[in-house]
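Enquirer: For the record, the sequence lines run as chains A and B. By the numbering used here, the letter at position 219 of the first sequence is numbered 219, and the numbering carries on one by one without gaps. So the number in the numbering used here is just where the residue sits in the second sequence, counting from 1, plus 1000.
Honestly, the hints are just simulated from the structure, not real lab data. These numbers were taken from a predicted model, which means no experiment stands behind them. A couple of the hints might just be wrong.
[Claimed, not checked] Going by beta-carbon spacing under 10 angstroms, a handful of chain B positions derived as facing chain A: (1) Phe1038; (2) Glu1053; (3) Ala1059; (4) Pro1064; (5) Leu1068; (6) Ala1070; (7) Leu1110; (8) Val1114; (9) Phe1175.
[Unchecked claim] Listed next, with one range per pair, are the computed distances between beta-carbon atoms: (10) Leu15/A to Met1118/B: 16 to 26 angstroms; (11) Val1082/B to Leu258/A: 49 to 59 angstroms; (12) Trp1151/B to Leu58/A: 49 to 59 angstroms; (13) Pro86/A to Tyr1176/B: 20 to 30 angstroms; (14) Met1118/B to Leu58/A: 25 to 35 angstroms; (15) Lys297/A to Ser1080/B: 49 to 59 angstroms; (16) Arg1220/B to Arg51/A: 52 to 62 angstroms.
Ideal Cβ positions, reconstructed from N, Cα and C, are used throughout, including at glycine.
Here are the chains, one letter per residue:
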Amino acid sequence: MLKRCHPIARLGCFLPVLLLGMLLCHPVLSPAALGAGLLCQGMALGAKSCRTTLGFGLPVILLMGGLNLFFNSRGNTVFLYLNDLPLTLESLLYGLSAGCMAVGMAVWLMLLANSLGRSGLLDLFGGLLPGITMILTMLLRFLPLYRRRMKSRMDTQRTLGRTTQEGSLTRRFQDGGRLLSSQFSASLEQSITTADSMTARGYGLGKRPSRWPMEKFRCRNGVALAVTLLLTAGTAAAWLAGGLDCRFFPRLRVGSGLAYWGGMVCYLLLLLFPAAWWAGEKMGRHFAVRRWKDSWKEENAHDLLSL
Amino acid sequence: MNRFRKLLPWLLLGAMTGCILVLTFLPGLTQYYTLLLFGGAGCCVAALLLAFENHRPSARDLMPVMVLVATASLGRVVFSFVPQVQPVTVLVLCAGISLGPVQGFVTGALSAVVSNLMLGMGPWTLWQMLGWGVIGLLGGGMKRFRLRQKWLVCVLALLSGFLYGWIVDIWTVAFYGEGVSLELFLTVYGAATLFNLIHGVGNLIFALLLYPTVCRKLDRVVVKYGLDHR
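Work the whole structure out from these sequences, hints included.
Expert: In structure tokens form, the structure reads like this:
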């Protein structure tokens, strides 16, 4: 989702929701966060992935609600006595909200991971942590190489009669150990050779960053970032003013007044922002393509007529 | 900017200490424990990664770490069918003992990230980074004090099973959503004792098998190519 934006803007879209969502356990806002997350997931990854999430999410929510209902007897509104055990509406609500919060945060974390991807992460941290980013970038290539080298080493050792596939268990174990040991020493030596050839090509000499930014930070990324920051600031201010506090016990009490409604609106807008942005981009691209097609038809109208 | 970069790890460590102090001494603020716990762990990991960067590592410093991370994470993936038994802890310990504390931390933290790319990312990744990183730091401390006897490393490997489990279980406590209290921690740690014991015994076996070989190879590279010249 939102793969064509700058990683900072993508992070700004999803991270505030994650942070605020972990703070707010609320009977309205937590389900709203889950719903908006599912909406984004449905738009970006398709309905099937949504169904999978619901398949594991709904049982978790119901389980947490049920556990709270039966093991937590706080709350004033009793709707049933089960062998002198009061089942209260508040504990059910609390359990369901906590379940929605947990599943919703899982969905948003998945959205963030999906949107950033490996390249986005490398791009984000490349400036701050060049050495670590270098290691990670090289690892992504090195892991398949390591497996391939292991395979060829196994083939070579088999010609010497050493194989992990046959023989007694001790023998197999010894041969496997020899294989791993030689692989490890060779990789260490080869890595030093790689390091020297990197230095020979100028790595670590100048101010060359070990990253290749895929996207530029464009004006609309700045606008999106500003909007999300503004909405986050609004929600955080409402939360600090106590408007988004929610007490489940002994009786459900949510805030009221300007802080409450302002915080609610800001948070809901923040939740819907990624989906709206994605839809806007999609629509913009759709109209751009149509305009381009129309202009092409106009330009070539008489050619088409003469055909 | 450069001075700020040098100061940043200390600032982050200060923020981590602040988080821990708030959690311990200000019970009024413990309702924000999820944020405080994650903030503290994030600050600690970021501080030590930045400390590694502030050494200005050359290509020769980076590459052995990369090989160790690759070996550890492939080892974890290969052993992922056995619960809690994997060679990562011992390899990270060896990295610390041979290469140094900060390198050990980076090896541990990156092994968690890279193996989770294959096994599944989540909020637990941060805690695994911290857990294995701290074990790498411990190994580095062994290097600093020249404690490299095999029996000592084996004991440390056994204990680091528990240490890793205790650090990662902070995430379990945060996930329960019941706040932080000594009783909750003791309950969770008590329930996890068997798993930690399996991890520790697995570490002990891996340490007996791997420690002499891996450390000999790493020391050879360190001496041959002068990696600890600083």
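Enquirer: All hints are to be evaluated individually against the structure, with a verdict given for each.
Expert: Here is what the structure says about each hint:
no.: 1; hint: Phe1038; in the structure: holds (8 angstroms)
no.: 2; hint: Glu1053; in the structure: holds (5 angstroms)
no.: 3; hint: Ala1059; in the structure: holds (4 angstroms)
no.: 4; hint: Pro1064; in the structure: holds (6 angstroms)
no.: 5; hint: Leu1068; in the structure: holds (9 angstroms)
no.: 6; hint: Ala1070; in the structure: holds (5 angstroms)
no.: 7; hint: Leu1110; in the structure: holds (6 angstroms)
no.: 8; hint: Val1114; in the structure: holds (6 angstroms)
no.: 9; hint: Phe1175; in the structure: holds (8 angstroms)
no.: 10; hint: Leu15/A to Met1118/B: 16 to 26 angstroms; in the structure: holds (24 angstroms)
no.: 11; hint: Val1082/B to Leu258/A: 49 to 59 angstroms; in the structure: holds (57 angstroms)
no.: 12; hint: Trp1151/B to Leu58/A: 49 to 59 angstroms; in the structure: holds (52 angstroms)
no.: 13; hint: Pro86/A to Tyr1176/B: 20 to 30 angstroms; in the structure: holds (23 angstroms)
no.: 14; hint: Met1118/B to Leu58/A: 25 to 35 angstroms; in the structure: holds (28 angstroms)
no.: 15; hint: Lys297/A to Ser1080/B: 49 to 59 angstroms; in the structure: holds (57 angstroms)
no.: 16; hint: Arg1220/B to Arg51/A: 52 to 62 angstroms; in the structure: holds (54 angstroms)
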